[in-house]
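2 protein chains.
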Amino acid sequence: MNRVYNFSAGPSMLPLPVLERAASEMVSYGESGMSVMEMSHRSPDYETIINATETLLRKLMNIPDNYKVLFLQGGASTQFAAVPLNLIKRTGKADYIVSGQFSGKAFKEAQKLGYDVKCIATSKEDNFDHVPVVTKDMIRPDAAYLHICFNNTIYGTKYPYIPDTGDIPLVADMSSCIISEPVDVSKFGVIYAGAQKNMAPAGLTLVIVREDLLDYAEEKMPTMLEWKTMAENGSMYNTPPCYTIYIAKLVYEWILGLGGLDVMKEMNVKKANLLYDYLDSQEYYIAPVQKESRSMMNVTFVTGDADLDKKFASEAAKAGLKNLKGHRSVGGMRASIYNAMPYDGVVALVEFMKEFAKNNPKK
Amino acid sequence: MNRVYNFSAGPSMLPLPVLERAASEMVSYGESGMSVMEMSHRSPDYETIINATETLLRKLMNIPDNYKVLFLQGGASTQFAAVPLNLIKRTGKADYIVSGQFSGKAFKEAQKLGYDVKCIATSKEDNFDHVPVVTKDMIRPDAAYLHICFNNTIYGTKYPYIPDTGDIPLVADMSSCIISEPVDVSKFGVIYAGAQKNMAPAGLTLVIVREDLLDYAEEKMPTMLEWKTMAENGSMYNTPPCYTIYIAKLVYEWILGLGGLDVMKEMNVKKANLLYDYLDSQEYYIAPVQKESRSMMNVTFVTGDADLDKKFASEAAKAGLKNLKGHRSVGGMRASIYNAMPYDGVVALVEFMKEFAKNNPKK
Numbered sequence: 001m002n003r004v005y006n007f008s009a010g011p012s013m014l015p016l017p018v019l020e021r022a023a024s025e026m027v028s029y030g031e032s033g034m035s036v037m038e039m040s041h042r043s044p045d046y047e048t049i050i051n052a053t054e055t056l057l058r059k060l061m062n063i064p065d066n067y068k069v070l071f072l073q074g075g076a077s078t079q080f081a082a083v084p085l086n087l088i089k090r091t092g093k094a095d096y097i098v099s100g101q102f103s104g105k106a107f108k109e110a111q112k113l114g115y116d117v118k119c120i121a122t123s124k125e126d127n128f129d130h131v132p133v134v135t136k137d138m139i140r141p142d143a144a145y146l147h148i149c150f151n152n153t154i155y156g157t158k159y160p161y162i163p164d165t166g167d168i169p170l171v172a173d174m175s176s177c178i179i180s181e182p183v184d185v186s187k188f189g190v191i192y193a194g195a196q197k198n199m200a201p202a203g204l205t206l207v208i209v210r211e212d213l214l215d216y217a218e219e220k221m222p223t224m225l226e227w228k229t230m231a232e233n234g235s236m237y238n239t240p241p242c243y244t245i246y247i248a249k250l251v252y253e254w255i256l257g258l259g260g261l262d263v264m265k266e267m268n269v270k271k272a273n274l275l276y277d278y279l280d281s282q283e284y285y286i287a288p289v290q291k292e293s294r295s296m297m298n299v300t301f302v303t304g305d306a307d308l309d310k311k312f313a314s315e316a317a318k319a320g321l322k323n324l325k326g327h328r329s330v331g332g333m334r335a336s337i338y339n340a341m342p343y344d345g346v347v348a349l350v351e352f353m354k355e356f357a358k359n360n361p362k363k
Numbered sequence: 001m002n003r004v005y006n007f008s009a010g011p012s013m014l015p016l017p018v019l020e021r022a023a024s025e026m027v028s029y030g031e032s033g034m035s036v037m038e039m040s041h042r043s044p045d046y047e048t049i050i051n052a053t054e055t056l057l058r059k060l061m062n063i064p065d066n067y068k069v070l071f072l073q074g075g076a077s078t079q080f081a082a083v084p085l086n087l088i089k090r091t092g093k094a095d096y097i098v099s100g101q102f103s104g105k106a107f108k109e110a111q112k113l114g115y116d117v118k119c120i121a122t123s124k125e126d127n128f129d130h131v132p133v134v135t136k137d138m139i140r141p142d143a144a145y146l147h148i149c150f151n152n153t154i155y156g157t158k159y160p161y162i163p164d165t166g167d168i169p170l171v172a173d174m175s176s177c178i179i180s181e182p183v184d185v186s187k188f189g190v191i192y193a194g195a196q197k198n199m200a201p202a203g204l205t206l207v208i209v210r211e212d213l214l215d216y217a218e219e220k221m222p223t224m225l226e227w228k229t230m231a232e233n234g235s236m237y238n239t240p241p242c243y244t245i246y247i248a249k250l251v252y253e254w255i256l257g258l259g260g261l262d263v264m265k266e267m268n269v270k271k272a273n274l275l276y277d278y279l280d281s282q283e284y285y286i287a288p289v290q291k292e293s294r295s296m297m298n299v300t301f302v303t304g305d306a307d308l309d310k311k312f313a314s315e316a317a318k319a320g321l322k323n324l325k326g327h328r329s330v331g332g333m334r335a336s337i338y339n340a341m342p343y344d345g346v347v348a349l350v351e352f353m354k355e356f357a358k359n360n361p362k363k
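Protein chains in written order, with the numbering used here: chain Y, 1 to 363; chain S, 1 to 363.
Derived by calculation from the structure, the hints in this document are not laboratory data.
One copy or two, it doesn't matter: identical chains are merged, so the pair holds either way.
Here are the computed lysine-lysine pairs in the DSS-like style, where the Cα-Cα straight-line distance is at most 27 angstroms:
no.: 1; residue 1: Lys291; residue 2: Lys362
no.: 2; residue 1: Lys118; residue 2: Lys108
no.: 3; residue 1: Lys105; residue 2: Lys187
no.: 4; residue 1: Lys118; residue 2: Lys220
Sequences are here, hints too, so could you generate the full structure?
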């Protein structure tokens, strides 16, 4: 059983010990005589699992007590609608930064729902090669919130700081950087993330919301999208994605076992630096992202020749370095090096890049 | 590793061969070198899986070509909102039958969204001990659809026939009876079901919708709830619950391997008859459901003494017969005997019931 290095942007690699543990517990979890997949979500065994998952995440991210943690379904795309449906009534309008495809989708979804939303900054004219600078004075003073995408998976950019929004709640899609490093949760009104990059398989969406923001939901909205209803029912208004939550628990335990988010960050910095240092040391590959906006999770690069890019992804896959092709909307290459990507995977990638450059001189 | 008989109403038992296969493929699927959990949903390996899942289900249920099959998230509870949001614009009003708690929730959700919906029949006054008779003349002629819950998990009732609604689309929540027996899909406009009873772990929702019903979606609704958007994107508008879909595939393969839904029905009838025949043969336990409305999936019974009921569930659990306690809203006992419950599990239950009755005479 030869495991490959999987650079997929999501779903993506999970820690091998997590997969091995899941496999060993698949037919019978502990003394239960059943799989976690088969457990009633109302059973004491499962309640222990979901409660432990929340406790572990609170510890891992140091989540303040006045924040609710919700385990939901539907992906970040569902939250693109849920955010305005739950929050915009606070003042009736909201502001967005468009720093890539997903933040653009979030903005458009709020528009589609008929709301007064404004894009106050975008890096679109620069092909999203950086995140726009955000200052407090750019935001409409009566905005119900400012929405940002903290790490832009497709372009490989990330905010190098948490924007200061003053009293205006900051709402951040953190799908592709959640639990990759410590973050001060208290600076945000809402953090949400699809789980399928750094936390679990696809099918689980995490929402972390400050309690005082639970009182602005639209009346005529789907109950399943109401954060308050979910908070009041401990994410069990209906059957939650139980098994996916259990895998998230194993992932949180794995990170805490390594030493928590400080250690995780150290490991991620080391991996990202190896790759960026190589990119900066040569001229064969071009890293299109401005240095101060570089993502530690998604590293994009191109050869400058679309045919060579194609050949690169194809030959890398044959060498056991999978899914290095960039997003279909931008081309080139993208190495997603989330928490579960081992350092050796990045070493192997850099070695491959050197070999490829040597063997494929540009005309 | 002693597997128990798990009578949970959902999540519930999965076939042991499915769990064993999932465990064996957890760390590396086929030659892929990665878990299905780690696969990009856009990768050829995963596309093969999701396409095969749909093909298998179409074969299993004999789904006509003019129906779309959608693999979604959010449970049946999300569809309670999605149904009116996608359909009611056809005429502006819709009718509901309330035959239990979930059909009641579906009705209330449509009301909450501000729609003109009418409950045209209910068995509430009889504690939902049967499903109401439905005839065409009861339905408002300009209703956009008639909504029913085909099998009522909590009360243990099921429609013994498919209501004839004429030209009015019939929408059915089949969460707790889907793929338990053959059903004529062409008689329905929409069939939807949470997967966590008969198909897969929690976190997957199946929607089967007739193509001509895709053109009535509200403009201002969450994109993720739009059936048409999901249909046009092959359930991949965003990342689907990939791993849960893969388990569904294994379950469909298991049923087809047994001989399909005709054989499944035969097995389910045999299990249900064993239990109902015993219930009808004695006077210690009472089966509250009217005979013509009996569910083959959820069998409810009581001793008539709440303390004895409690003792029953507790002692049964010790004997390896788990989760026999009735739903918290109705009490008593409920044996959910879905596809994956072996015949021997029902034999063991009936033996236990006999012993319990002998050892616990009523005062």
